[in-house]
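Novice: Chain by chain, the residues run as shown.
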Amino acid sequence: MLEVRLFATFREGRDKILFMEHKPGMTGYDIITPLAIPEEEIAIFLVDGRHSRLNTVLEDGSVLALFPPVGGG
Amino acid sequence: MVTSYNGEVLRVNLTERTIKAEPLDMDKAVKYIGGRGLGTRILLDEGCATVDPLSPENKLIYITGPMTGTAVPTGGRYMVVTKSPLTGMIACSNSGGIWGAKLKYAGWDAIIVEGKADAPVYLEINDHEVTLHDASDLWGKRSLDVEATLKARHEGYSVLNIGPAGENQSLLAAIMNDGDRAAGRSGVGAVMGSKNLKAIVVKASKTQIEPNDVDALRTAAVDSLKKIRENGVTGGGLPTYGTAVLVNIINNIGALPTRNWQESYHPEADSYSGETMKDTSLVKNSACHRCPIGCGRVVKLEDGSVVGGPEYEPLWAYGANCGNTNLDAINKANEICNEVGLDAISTPCTIAAAMELYQRGYITDADCDGVPLVWGSTEAITTWTEWMGTSKNALAKLMADGSYRLCDHYGVPELSMSVKKQEIPAYDARAIQGIGITYATSNRGGCHVRGYMISPEVLGLPEQLDRTTVEGKAEWAKIFQDLTAVIDAMGMCLFSSFALGAPEYAALLNAGTGTNYDVNGLLEVGDRIYNLERVFNKVAGMKPEDDRLPKRIGEEKIVNGPSEGMKSEIKLTLPQYYEARGWKEAFPTEETLKRLGLEDLIQYL
Ligand code: SF4
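So the sequences go chain by chain: A and B.
Just so we're aligned: 9 in my numbering is position 9 of the first sequence, and the numbers increase by one with no gaps anywhere.
Just so we're aligned: 456 in my numbering is position 383 of the second sequence, and the numbers increase by one with no gaps anywhere.
Isolated chain B, as found in the complex (with noise of 0.2 Å):
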């Protein structure tokens, strides 16, 4: 039969330097339909959940889903699914630009590296010819420079790479992609550099994939496309503004967090919005394989360059939560980011803590090499991200490993917004109950698109729910962490879900890989992965505690702005989710795994 997966996984061992093609499991495919359910799957199997995710044992998941390279609008992502070494669980870190899609139309589903390699490699894909190379020249080179020596040197390639954080295993490193495209989170790109990997460069001769049932695609995808066009946000605001836009909604509602959450309300805010962007800094828009929506963005910098423009958590980030105002400082730290390859979020929250340690006088001019981490620093939040990337000096090195060792190391940890020791993005969840449920049980950590229910709660899509208040969140948050789970294994863009809903993916999904799901078919298929996550997590040594917001998060109450007074209900509404999950002190019972068709995961409840 026909279906859009290629039904090939590459396995690449390091250790030994062989490269083997393997059938893809085609029932673990179907069950868990890719990218994110079957990689957490195959990584549980392989025995990922208790080794040291930084040593050879750990293994590193490149993985696509069914609809990554088809017609589908968004269909082109692809996800890093590993042990995080920042977390100690399940990382699953979602990336666009057209390299999955090339590795589709290369003939694979997924790449399985293991193993460590005695010195720097890169992996050269061209379709089924599969080699590893030398890669000593490229270590210590910034991931643009890297992607512009391989592209010179293999013609018609897409590159995947680390830049200098990851080789240093930082363990906010990402791993880059086509430019500024980026698997962020959770220190996947620590990972690659622990096995000496630096790149992967994908050629193919095929340009699509041919589906189950072509006229029953072509018709849902048509639909699709309709959908996207036409809706307010992803036919209008995300191409106009991109996702710098909510800048001024959130500020406005009092859900910035500002100076380390210390506030949720920023003044200035305007000057490094959405709009301030497109009219100073944006040069034009920039879109990922398959994309009609194009949310990305291209921005000049002061010094006349052209780089790839910050979205709305970097702008928040290096913006509210560092005191900062201004946009060309932000434009640069984000460019430095993608250089040096860290993540835009962890990395500016990261010194937002280190400007709150500072502030509070646990960090001193003694150890800031000559620039303060003084609040509003334009200086400080460049410099700093350099230094976090390159490891140059005692504190850059300790804050590459993120908020939470940083605070710990002075013995406030508390003073990192961190959950699962990830930094929580640019929401205030004290002023928007549901997503602070979704923030507190994401299994990879702080986390906003893991259940973004800003959608419902502040954007009204698909209906407008009331922020402040707790009744039916915790059912929201369930259903739109299920339907967001879907999305990723599919191998679209969570962005699609402001126009599409679960009918209209499973017309893609089972026009693409000839399966018959219903609307609650596929929403079990998401609360399936997202209960396999959770046992990977507790294999892992998660524990009930860990779901768990930051003391000034979960306890203490909103000071400044219109949602001053407020507080987090997350003693009341991490119950009720628990319940809607069918969960006991945060794990799942034997009958939700039953019911769920995970028999085989209780033996490790």
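Chain A with its partners taken away, still in its complex shape (with noise of 0.2 Å):
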């Protein structure tokens, strides 16, 4: 299983939270796609905590985070 976090504008019109299923040799790609979410609103991608690109091969277990562009001080 695999737990999808999203922020900011990603979460209009969806859950902040979801859950997949794991399938072997999947990518952040085969998460962004059924959420209907473009990979060039994608600024931050998280797999565990850490900066990601969307073609990383996800592990079964991991959190993902997506934020858009978004920053702070």
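Just so you know, the hints here were simulated from the structure itself, not pulled from any lab data.
Hints may be right or wrong, so weigh each one.
Stated by the list, open to error - Not close to chain A: a few residues of chain B, all C-beta gaps over 12 Å, as computed:
| no. | residue |
| --- | --- |
| 1 | ARG215 |
| 2 | ALA225 |
| 3 | THR280 |
| 4 | SER346 |
| 5 | GLU375 |
| 6 | THR437 |
| 7 | PHE571 |
| 8 | ALA613 |
Stated by the list, open to error - Derived contacts from chain A toward chain B, CB cut-off under 8 Å, selection only:
| no. | residue |
| --- | --- |
| 9 | ARG5 |
| 10 | PHE7 |
| 11 | ALA8 |
| 12 | THR9 |
| 13 | ARG11 |
| 14 | ALA43 |
| 15 | LEU46 |
| 16 | GLY49 |
| 17 | HIS51 |
| 18 | GLY61 |
| 19 | ALA65 |
| 20 | PHE67 |
| 21 | PRO68 |
| 22 | PRO69 |
| 23 | GLY71 |
If you're wondering where the values come from, they're calculated on a predicted model, not measured in any experiment.
No residue lacks a Cβ here, since even glycine has one placed at the ideal position from N, Cα and C.
From the two separate chains plus the hints, produce the assembled complex.
Specialist: Structure below.
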């Protein structure tokens, strides 16, 4: 199982947290496609707290976090 | 030659009650740009590095930059430069709103306040008509109250003032302006209080500043505005969520210091995140003068009142760092900071330290006046903020001077999460290597806006660096510190730098002042300012060991969350940083000062 956490505008019209069944070979693209999140809107893609690329192969049990461009200080 | 400097400085001696106009030293202005740079040079030259910060000999400089009041986006800032009573070193606290722009429109680049009034006073500036008034009826009043009273008395004025915390000379006291805007850090409000100066009100008949090259400034400003609007952070993220949006990001990478940095991940952080604030308490955004970003928040409390909302730092500090999950209590505590005039970063961080002292039995119920300092207590965070602001009891008085003095009082200074006695903000430096370098080497003590390495290490701007590695971080930290010094000195908001870079700042500055800086020349001024501040600190008594992270952050590992097991590599990066700066044992070498045109500072080494 994968835990997918959505933040900021990605929450509009979607759940904050969802769980997806893990399949071998899955990457970030298999997450964002069913969620209809365009790749270019993703500024930060975290896998278990580490910045990652969308084509990273995901391991079972991972927690993913997706953010659009945001910042502060 | 027309430039976006006014060319005039107001000097007010409160002891003698004299007021005079002086010409701005234009050579110095160009060499240090303005604001933070020029203010520090003036303070050093006027002999303030060795004075007692709360004595009449210290000076309090309110200073704008050459972009303040111009048509440049975010060009509305002013800075308060003085010797800090909290750190004993240089203080430069930066604020927005409109007060700074009005000061500029009134014809002044800066106000230098010296001496001490024998009774409470406030200063009225109406263009070149400047008057000192009796302020005894305002003394003891809260900041928003003072603002309302003075606005009713002086129509069309913008108000800057201190609350009770400044009057009590709390070392965490802020200077407030235009409601909830604050020159918050390093205890600048205590210096104002020590001078018996309650407020400065400003009115101006002008509404613009003429630049050196009108067309070039228009072109550069339009270009900058376009970049700010098109940028995902300044054009989308910040306006929609404010800085509060960082809560979830920083927590999800495991860098949200929790319970006075005993942990680094707070599972309930979403309950006070920017997203939750937007869904529950946000009323609208607010913006400083000439700012297209508008990161400010206006929120509604559960009791129905509408107040200025918290930034990311107080959300974190009153949230995770105090083990609290209640957003309304954070909104309320933040509002109390604004009313009593306290730094909304150091105040909650000191409460967090007090909570750890309570957890460990140093502080007991007997000290707590019926409000125990228990992790997560909403009553504790609001009540102790109020008590710190009004010096209600012995413990509150001690806490009002910050976590270092508090923890030192109990014999455990290592429980203060501070650098140079100023509390460190909201990003765990064990999980983000570069920010640790800027924390340790910040000239004003623990601070995130002296080189915001979160930008490349977490947000991926201008490019994504690996937050866990050290390679190249020392050089990055130096460049970020130098560029930040330039932006501050110009009088622009640091947040513009999510969208703009050195070429844009150079174009704006050149059009305003008639200078001819290229990117390297501009960054060299930043380097110069950073070295100048460091020399000020040296004269003030700084030692190499003051560039040090507290033991917990510098030596211990993170114990929970996604960054569990990580530790700071500051022992490795600090020497690399000194090398990049051309420093030996924390201070510039003769060659470095010469290279930066600071030969006249060699005498202080
Ligand atoms: S970005 Fe925020 S703090 Fe900066 S000038 Fe704009 S409103 Fe003020």
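Novice: Tell me, which hint numbers fail for this structure?
Specialist: Hint check: 4, 7, 18 fail, others pass.
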